[in-house]
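Visitor: Residue numbers (this note's numbering), protein chains in the order written: chain B, 24 to 637; chain F, 24 to 637.
Hints are computed from structural coordinates only; laboratory data are not their basis.
Treat the hints loosely; a few may be bogus.
Identical chains blur together in the list; that is why a pair holds if it fits in one copy or across any two.
[To be verified] Dumping the calculated DSSO-like pairs for lysine-lysine here, alpha-carbon to alpha-carbon at most 27 Å:
| hint | residue 1 | residue 2 |
| --- | --- | --- |
| 1 | 29 | 552 |
| 2 | 527 | 178 |
| 3 | 29 | 142 |
| 4 | 421 | 29 |
| 5 | 315 | 529 |
| 6 | 476 | 282 |
| 7 | 142 | 280 |
| 8 | 183 | 366 |
Note that the coordinates shown come from a computational prediction; the quantities given were computed from them, not determined experimentally.
There are 2 protein chains.
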Amino acid sequence: MKVIDKIRASASAGAVANGGDRHHHQQQQEQPDRVVFSFEFFPPKTEDGVDNLFERMDRMVAHNPTFCDITWGAGGSTADLTLDIANKMQNIICVETMMHLTCTNMPVDKIDHALETIKSNGIQNVLALRGDPPHGQDKFVQVQDGFACALDLVKHIRAKYGDYFGITVAGYPEGHPDVIGSDGVATLETYQSELAYLKKKVDAGADLIVTQLFYDTDIFLKFVNDCRQIGINCPIVPGIMPINNYKGFIRMTGFCKTKIPAEIMAALEPIKDNEEAVRKYGVHLGTEMCKKILASGIKTLHLYTLNMEKSALAILMNLGLIEESKIPRSFPWRRPTNVNRVKEDVRPIFWANRPKSYMSRTMGWEQYPHGRWGDSCNPSYGALSDYQFMRPRARDKKLQEEWVVPLNSIKDINEKFSGLCLGKIRTSPWSELDSLQPETRIINEQLGKINLKGFLTINSQPSVNAERSDSPSVGWGGPGGYVYQKAYVEFFCSPDKLTTLVEKCKQYPLLTYMAVNKDGRSWISNVGKNDVNAVTWGVFPAREIIQPTVVDPASFLIWKDEAFEIWSRGWASLYPEGDPSRQLISQVQSSYFLVSLVDNDYIKGDLFAVFSDI
Amino acid sequence: MKVIDKIRASASAGAVANGGDRHHHQQQQEQPDRVVFSFEFFPPKTEDGVDNLFERMDRMVAHNPTFCDITWGAGGSTADLTLDIANKMQNIICVETMMHLTCTNMPVDKIDHALETIKSNGIQNVLALRGDPPHGQDKFVQVQDGFACALDLVKHIRAKYGDYFGITVAGYPEGHPDVIGSDGVATLETYQSELAYLKKKVDAGADLIVTQLFYDTDIFLKFVNDCRQIGINCPIVPGIMPINNYKGFIRMTGFCKTKIPAEIMAALEPIKDNEEAVRKYGVHLGTEMCKKILASGIKTLHLYTLNMEKSALAILMNLGLIEESKIPRSFPWRRPTNVNRVKEDVRPIFWANRPKSYMSRTMGWEQYPHGRWGDSCNPSYGALSDYQFMRPRARDKKLQEEWVVPLNSIKDINEKFSGLCLGKIRTSPWSELDSLQPETRIINEQLGKINLKGFLTINSQPSVNAERSDSPSVGWGGPGGYVYQKAYVEFFCSPDKLTTLVEKCKQYPLLTYMAVNKDGRSWISNVGKNDVNAVTWGVFPAREIIQPTVVDPASFLIWKDEAFEIWSRGWASLYPEGDPSRQLISQVQSSYFLVSLVDNDYIKGDLFAVFSDI
């Protein structure tokens, strides 16, 4: 979705929240009623850095930024990396992504390659810049077959891609660094010609302006006013860079020729060697600047994070825009932002703890069939890749600590799984998440018990019968509705245990199950191959029923390859070659069944009853 | 759907009901576990006769026959009428329809015209016959460019239409009348050559056999056995013709050269002039014949109704195959059988009391988009036609009695509407149905009251919160599930009343409403133009959530034309020209609003609270 449309939607959503009529409501300059914010990142230099950035982004995206943008390295130096990060941001992290694109060293075919790439990846937002001079040069140089300025780039994008992209351009409240004199200010004449140039960029098709960083809020507010005077009507988003570190601050403001108000220098001078104090002041200053901006009626904030998490979040927390405590989810899983699958509203439960793996395996599902998973009988999941078993370094270490212990018998394995349910350990090879989902806590004890009995659970949810949709533990979708779940548990168990369980299931006619072994040759189930079971749904005012999570045989058979593979690639491989524990894990992997069990009576059922005397 | 597939589905459904595994279950000769039955009709000679036939069919179809068939008049004499009746049976009555087609007087282009017509109307079943000799001739004559026998017709249908049609052929347990000698029996040789010919018809692509009428059950059972011996494996459905009338019985059996067992003649002889006694005996005999057939393991029955209702239903009742008492609905509305829209599973609530009008206005929706109404944002409803305001004669008379009374004031109108809710009258110009839906009884009293206040209700449903899906009053969809409804009421009211109501709705944030006047220029609502509200849904084991009924603005605006038009075409027009009551009705029609009101709180809400002190 285009960022400008998200900002507009926030405007109308605000009106609804206030009980207004969303349809007769039109705001000047598309200023949202709710404050919206966004984060900017740059491509890290190392692979570990990229890993860490994704982990960080994932956490930050949980706070619902309107978009995140990723910069285009000077002179195109990070082109491939930027394209790759942008793709993963949009499609794996699932945040609305804006990619920077500059003219430096970019002939038009390279420009088009970049644009075609992000378009095919479902990204709809570009920040069009002229870019800095090529390395080692003072002045920007137009490359052959390239563009001379951002205006040309904007024109090209509109001419070639029509209305597909949302185009953002940069605004310079103090004038572009190129025109700022040695006295630190642009002349009135150059300032005005810059404004006129900005208007040209907007007239050529840009629909959003993000400003260069600034520390004098009055200059920004005057700039906005000046823009409005000459007829620039699109939203102008202030770019805020929290001061993290004195030297970096001086270097950056020097490079950008940013005016620093005297009181800021005065406040920094005595603490400049105390990094913690500088950071704290940076958060204070950022908060105050934002307050002043918001008070003026502007409801958008853009944070230059410099790939750091704490200061940006602290400022938003101070402003009351995000909360530390658990807020109800907007949906049971993070919705895709890819323009080709924004209508997606159904997903199999199996990847609940491995959402990134799900996104990567379904990347090919671009033209999402009517947003309904159920319609595509044989969804084609991508093959398993190393990516699915890769873990960020920090998690890998924790997993080593918690899971690489000598295994002498099946009992040791049962206890390991049980310990995870009881919170004794926090990581799991079967989960990308840091800890159990909060709702799972409701059934922790019961899960712990069945694991000790040899039903090794890797996924579960409690039943939910008409809880309010704004309940912090199980709610989602906002207020006014009711949510439901069928109790679900998925586990590995031995063939003997399975036989006993299937026999006992006859006493519980509303339990439905599917079980399959590693090679897929043994299939035991009491449901049809095409039976899709909705296990999470919600009922909201003036809406169709939303059913975001399903259990179905087709996906289960795809998932089982991944689930079984984790025994070796996700766990055994953590042990040294030849370790006897590997042998035990391998036995389990080759002999056990993967079982999916649903209690269809979400009103009176007790999923755990069937395990009670096994 | 093909009848043979429905019979097969009954076989597997039976297995599921018994807890078996429907997927590993294959029955020989596709004999269903449940008894299935079907009705045959012929095209009446008069328009009134056709009207009455549809009324009768509508009632009979409520008992869930597997299919109904309509005959092809001798020599094609009723071709156009048969095609028209078949179309309406399939698409308005919504019963799986099988059309007879004969070779008599039918060159291939006429045959193809008939087949193309029913194909385009979504009919998938043909009964292929040679047909009787042309009028005035003794022997069948092959017409130029036509076919000589049913086998040729079967071959042609398979060759030209591939697998699209289910093809039924006739079986003659006593031999074809042409080969029955003056002694009343066919020679063994001719009998066997007939069996071989029947096998050829099956081998050429027929997938179902319906037999000629018979009264000696042993002959039928022997015939089935003989068929099996020579490798005819498809289901063989016995054709049962209840004796209704002595003379008719003698004529028909004479024409068909049917053997009449002596004990039947002996039983009929003494009562042959007592029509009631003959009919009673016919039901008794039919019941006994069917019992014997069912006892032999055959689970299909075909009833030659001769367009009469009572005897056929009485036999089925005696056999315990249908019940007089209300049985839970299989779906909240009668599902279409047209092959192009069998996946339809969502429908706007507005036509709940006018299902035939809905079917006729949506006839063009052949390629039903994924069975989901919600996906087609602007469904194109057919224009209003006279058909929508036509009433069968019997209903018209009742409506005259109940609704054509002098109206002196609005109060008289309010009382008329209120009386309908309270059961004082039974018909309504706004309803095709004979009486209120049983579930409406739950809220009758409250509806009666608001009608007296000037909220003239034409459609409503009570809220339902997790009732068992097999509840006789509000359940549907079979056992094991839970069903839900949001309370709904739709009414006409004056602009003043509407203003008061809208004001009061502010105290009830979970009420959503839409109101529009006759010309559509005034639109008052608190929902968005694209908000589709599911107001009936069900949750079943191993299924996605089913949401059969929705409230949405787009359809509401189409429906309002029909709803307003009924004031004049459905009510005022019943009064004589110039009657002053017409004037009052016309004033209401032109000044009132049509209002749709949903209480989204199906758990704790009270839809009628908002009316309490108006």
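Visitor: Against each hint, give a clear statement of whether it holds in the structure.
Guide: Taking the hints in turn, this is what the structure says about them:
In this homomeric assembly, residue 29 and residue 552 come within 27 Å of each other (Cα to Cα) only across copies, at 19 Å, whereas the closest approach inside a single copy is 40 Å. In this assembly of identical chains, the alpha carbons of residue 527 and residue 178 never lie at most 27 Å apart, being 69 Å within a copy and 53 Å across copies at closest. In the homo-oligomer, the alpha carbons of residue 29 and residue 142 lie at most 27 Å apart inside one protomer (18 Å), although the nearest pairing across protomers, at 47 Å, exceeds that limit. Taking CA atoms no more than 27 Å apart as the test, residue 421 paired with residue 29 passes in neither setting, with 38 Å inside one copy and 58 Å between copies.
For the identical chains of this complex, residue 315 and residue 529 are neighbours neither inside a copy (66 Å) nor across copies (35 Å), given an alpha-carbon limit of 27 Å. Proximity of residue 476 to residue 282 under the C-alpha cut-off of 27 Å is found in neither arrangement, the shortest distances being 68 Å within a copy and 71 Å between copies. Taking the closest pair of Cα atoms, residue 142 and residue 280 never come within 27 Å of each other, the shortest separation being 35 Å inside a single copy and 76 Å across copies. For a Cα distance limit of 27 Å, the shortest separation of residue 183 from residue 366 inside one copy, 26 Å, qualifies, whereas the shortest one across copies, 41 Å, does not.
Violated hints, listed in ascending order, are 2, 4, 5, 6, 7; each of the other numbered hints is respected by the structure.
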